[in-house]
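Going by the numbering used here, the sequence shown opens with residue -17, and the numbers climb by one from there.
Accuracy of the hints is not assured; some may be wrong.
Derived pair list, reagent style BS3-like, types lysine-lysine, alpha-carbon separation capped at 25 Å [stated by the list, open to error]:
(1) LYS88 with LYS118
(2) LYS59 with LYS4
(3) LYS66 with LYS88
(4) LYS150 with LYS124
(5) LYS118 with LYS162
(6) LYS137 with LYS124
(7) LYS137 with LYS4
(8) LYS162 with LYS150
(9) LYS118 with LYS137
(10) LYS162 with LYS58
Derived CB-CB ranges, DEER-like [what the hints assert, rightly or not]:
(11) GLN82 with VAL123: 22 to 32 Å
(12) GLU11 with ASP129: 24 to 34 Å
(13) ARG15 with SER112: 44 to 54 Å
(14) ASP166 with GLU3: 37 to 47 Å
(15) GLU42 with SER83: 36 to 46 Å
(16) GLU56 with LYS118: 29 to 39 Å
(17) ILE69 with ALA94: 43 to 53 Å
Just so you know, the hints here were simulated from the structure itself, not pulled from any lab data. For every residue, glycine included, the Cβ atom is placed at its ideal position computed from N, Cα and C.
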Amino acid sequence: MADRSFPLPLFPLGVFLLPGEKTGLHIFEPRYRQLVAELENALEEGREEHNRFGIPFHYEDVTASTGTLARLVEVKKVHPGGRKDIIVECVGHFETVHFQSILDPKPYPGGAVVERSMNLNEALSQTHRSRVTEIKNLLQVKEVDVDALQNETIKDLTQWLGLPPAHKHRLLTANGDQRKTFLDSVLRWTILVLQQEANIKDGFFPN
-17 MADRSFPLPL
-7 FPLGVFLLPG
3 EKTGLHIFEP
13 RYRQLVAELE
23 NALEEGREEH
33 NRFGIPFHYE
43 DVTASTGTLA
53 RLVEVKKVHP
63 GGRKDIIVEC
73 VGHFETVHFQ
83 SILDPKPYPG
93 GAVVERSMNL
103 NEALSQTHRS
113 RVTEIKNLLQ
123 VKEVDVDALQ
133 NETIKDLTQW
143 LGLPPAHKHR
153 LLTANGDQRK
163 TFLDSVLRWT
173 ILVLQQEANI
183 KDGFFPN
C-alpha cells in the first residue's frame, strides 16, 4: 500500500538536516513571514500537528523533490519591518508528490508530500569502516577526540564528517550501489585532503 500524501507548506532552501538537527533562518520575504506567523500561532497554541513545513533542498537553481520536514522551535528576534530570526528543527524527511508555487489562498508555495525514509540506520560496509579508521587516525594527529566520533551507521558518519549540504543530500537520497559508490568517493577525498594538510604542516607542499 502506498504512503498517503498530506498537504504541506513548502519553503525551498539550500538546507538539508538530520532528525533532531536545528538551524537558524532569517525570514524577510512577506510570503514566508506569513508562513512563520502561522507556525508561531500553532506553536503558541499547542497545535503541534500544524507546526510543520517542508524545506525542499534547493541547489544551483534546482529544487529537489526531497527535503527536510521541519517545525518552528522559537522566534529569536523580530526586526523592524517584520523580518524575523527563527530556529527550526528537523523532524523527518519527505518526497514531494505535487508542487504549487502558490498555495492559494496562501501566498507561499506548498504541495502534497509523503514521508520519505533516508535509511539513516544503514550499517557501513567493512570497506567504508576501514576508510573511516584511516580518517580517524589522521584526525587524531590534529588532536581531535576521535573516540566521540561514532561510525556504525550512515547517520553516525553524516553527523560529523562535515559534508556540504549538497553532498549530504546526494548521499542520503541515494540508495544501494549509488550510495556506496558516492560514500566511498567522499571518504577517499576526505583522506586525501587530510593527508595534504598533514604534508603542509610538515613543510611539504604537494604539486
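Checked hints:
no. : hint                          : result
1   : LYS88 with LYS118             : 49 Å, violated
2   : LYS59 with LYS4               : 16 Å, holds
3   : LYS66 with LYS88              : 19 Å, holds
4   : LYS150 with LYS124            : 24 Å, holds
5   : LYS118 with LYS162            : 20 Å, holds
6   : LYS137 with LYS124            : 23 Å, holds
7   : LYS137 with LYS4              : 15 Å, holds
8   : LYS162 with LYS150            : 13 Å, holds
9   : LYS118 with LYS137            : 17 Å, holds
10  : LYS162 with LYS58             : 40 Å, violated
11  : GLN82 with VAL123: 22 to 32 Å : 52 Å, violated
12  : GLU11 with ASP129: 24 to 34 Å : 44 Å, violated
13  : ARG15 with SER112: 44 to 54 Å : 49 Å, holds
14  : ASP166 with GLU3: 37 to 47 Å  : 24 Å, violated
15  : GLU42 with SER83: 36 to 46 Å  : 19 Å, violated
16  : GLU56 with LYS118: 29 to 39 Å : 36 Å, holds
17  : ILE69 with ALA94: 43 to 53 Å  : 27 Å, violated
The structure fails to meet hints 1, 10, 11, 12, 14, 15 and 17 from the earlier list, while all remaining hints are met.
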